[in-house]
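There are 2 protein chains.
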Amino acid sequence: MASAGGRSVVAGSGYNRRMDLYQGTIRKRDRRAFLPQAIGAETLHRILQAGRMTPSSKNVEPNRFVVVDDAETRQQLAALSPIAGWLADAPVIIAIVQTQEHQFDAGRAAQSMMLAAYNEGIGSCPAHLPEERVAELLGIPGDLFPNRVIGFGAIDPARDRPPRAVARKRLPMEDLVHTNHW
Amino acid sequence: MASAGGRSVVAGSGYNRRMDLYQGTIRKRDRRAFLPQAIGAETLHRILQAGRMTPSSKNVEPNRFVVVDDAETRQQLAALSPIAGWLADAPVIIAIVQTQEHQFDAGRAAQSMMLAAYNEGIGSCPAHLPEERVAELLGIPGDLFPNRVIGFGAIDPARDRPPRAVARKRLPMEDLVHTNHW
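Quick note, the sequences are listed as chains A and B, same order. 4 is the number of the first residue of the first sequence in our numbering; add one for each residue after it. 4 is the number of the first residue of the second sequence in our numbering; add one for each residue after it.
Take these hints with a grain of salt, some might be off.
Any copy, or any two copies together, can satisfy a pair, since identical chains are not distinguished.
To be verified - Simulated pairs of lysine to any residue, SDA-like, Cα-Cα distance not exceeding 20 Å: (1) LYS172 / GLU64; (2) LYS172 / LEU83; (3) LYS61 / GLU45; (4) LYS61 / ARG164; (5) LYS61 / TRP89; (6) LYS172 / ASP92; (7) LYS172 / ASP33; (8) LYS172 / MET22; (9) LYS172 / ILE86; (10) LYS61 / ALA82; (11) LYS172 / ARG30; (12) LYS61 / GLN106; (13) LYS61 / LYS172; (14) LYS172 / GLN79; (15) LYS172 / VAL63; (16) LYS172 / ARG35; (17) LYS172 / PRO144; (18) LYS61 / GLU134; (19) LYS61 / PHE148; (20) LYS61 / LEU179; (21) LYS172 / GLY88; (22) LYS61 / LEU174; (23) LYS61 / ALA81; (24) LYS61 / LEU147; (25) LYS61 / LEU83.
Bear in mind the hints are in silico, worked out from the structure with no lab data behind them.
Looking at chain A on its own, in the form it has when it is part of the complex:
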């Protein structure tokens, strides 16, 4: 359990926040700045449960999850990419590892986990680290496929403004949608 401001605190006990499903899908931004507090065991369980229950192609259930909360291992993961330094400050990193490579299904499960986290004030962002290095560091057997890692941590209200690069609006709906034919 991390210490913040001299008090031991645990993030994510706020399950009673209960965000509406649709509002969650449109509000969830990827965040890379977190409060240092640990993520509560029940919250972590719900995040993993969301990954576990996400449907998969042909019901293969290819996804496995390595939960990394050890500080040294988190720092080692963060060091695997020059743009992944923020991962060291994520109290929990979950590595998605697949028994069969299926990027689309990894993305589905990742999104479900990140939304379940967001429901409790936990921010998150995926990162694509060099797969062989992740496998080596986490002891992943050679017949499995490391996919993404996701950093999770309580949203820091003081640093919750979107970075300038993503502060712009999304592309307008009319640029994205076609009807019946391109």
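Starting from the known structure of chain A, fit chain B onto it as the hints suggest.
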């Protein structure tokens, strides 16, 4: 607008159902049996909005959406695979087409759209159809990447039992999760 039992009905006006975000992520099953009623315009807008607002790697926003509600085109899509016949009975099919191929980001957006739909009693399932045939049928420019199609339709309570193949429980949590090291 489709007719069911002699009355014109529109599915998905039930936004006030408001499902909790976490409950949505663990309850959403992939469904391939739908009521024939059309999906309301506001519901469809929310489904697309969920796709639009889903974050993407490097904020590239690679996803485009072709909404297919024309019956003939839906039947033609359904005919592209021997196991996709159920798509013909989905009142709306959304094809995800990418400006840059990124399966993980397609999966994230797909999951968000399917969860937003589920919030309003709309079931869904993705299908992977032969990409060149989808491109040809929908007139997708050659420099884009058809990814998945997703069939959407109001959940039919009378046919809402899971098929036997997926009625079994998911793999137990302890088989899926490792901590700090595999």
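To see whether the hints hold, each was checked on the structure:
1. LYS172 / GLU64: between (35 Å within a copy, 11 Å between copies)
2. LYS172 / LEU83: neither (31 Å within a copy, 36 Å between copies)
3. LYS61 / GLU45: neither (30 Å within a copy, 31 Å between copies)
4. LYS61 / ARG164: between (40 Å within a copy, 17 Å between copies)
5. LYS61 / TRP89: For LYS61 and TRP89, only the inter-copy Cα distance (15 Å) is at most 20 Å; the intra-copy one is 35 Å.
6. LYS172 / ASP92: neither (27 Å within a copy, 35 Å between copies)
7. LYS172 / ASP33: This pair counts as within: shortest intra-copy Cα distance 14 Å, inter-copy 31 Å.
8. LYS172 / MET22: Result: close neither inside a copy nor across copies, 22 Å intra and 27 Å inter.
9. LYS172 / ILE86: Classified as neither; 23 Å inside a copy, 39 Å across copies.
10. LYS61 / ALA82: Between. Shortest inter-copy distance 19 Å satisfies the 20 Å Cα cut-off; intra-copy 36 Å does not.
11. LYS172 / ARG30: Within one copy, since 12 Å is at most 20 Å while 31 Å is not.
12. LYS61 / GLN106: both (14 Å within a copy, 17 Å between copies)
13. LYS61 / LYS172: Intra 36 Å, inter 14 Å, cutoff 20 Å: inter-copy only.
14. LYS172 / GLN79: Answer is neither; intra-copy 34 Å and inter-copy 35 Å both fail.
15. LYS172 / VAL63: between (37 Å within a copy, 12 Å between copies)
16. LYS172 / ARG35: Result: close within a single copy only, 19 Å intra versus 34 Å inter.
17. LYS172 / PRO144: Cα proximity of LYS172 and PRO144: none, with 42 Å in one copy and 25 Å across.
18. LYS61 / GLU134: between (25 Å within a copy, 18 Å between copies)
19. LYS61 / PHE148: Within. Shortest intra-copy distance 18 Å satisfies the 20 Å Cα cut-off; inter-copy 22 Å does not.
20. LYS61 / LEU179: between (29 Å within a copy, 18 Å between copies)
21. LYS172 / GLY88: neither (26 Å within a copy, 38 Å between copies)
22. LYS61 / LEU174: Between copies, since 14 Å is at most 20 Å while 33 Å is not.
23. LYS61 / ALA81: between (34 Å within a copy, 17 Å between copies)
24. LYS61 / LEU147: within (18 Å within a copy, 26 Å between copies)
25. LYS61 / LEU83: Between. Shortest inter-copy distance 18 Å satisfies the 20 Å Cα cut-off; intra-copy 33 Å does not.
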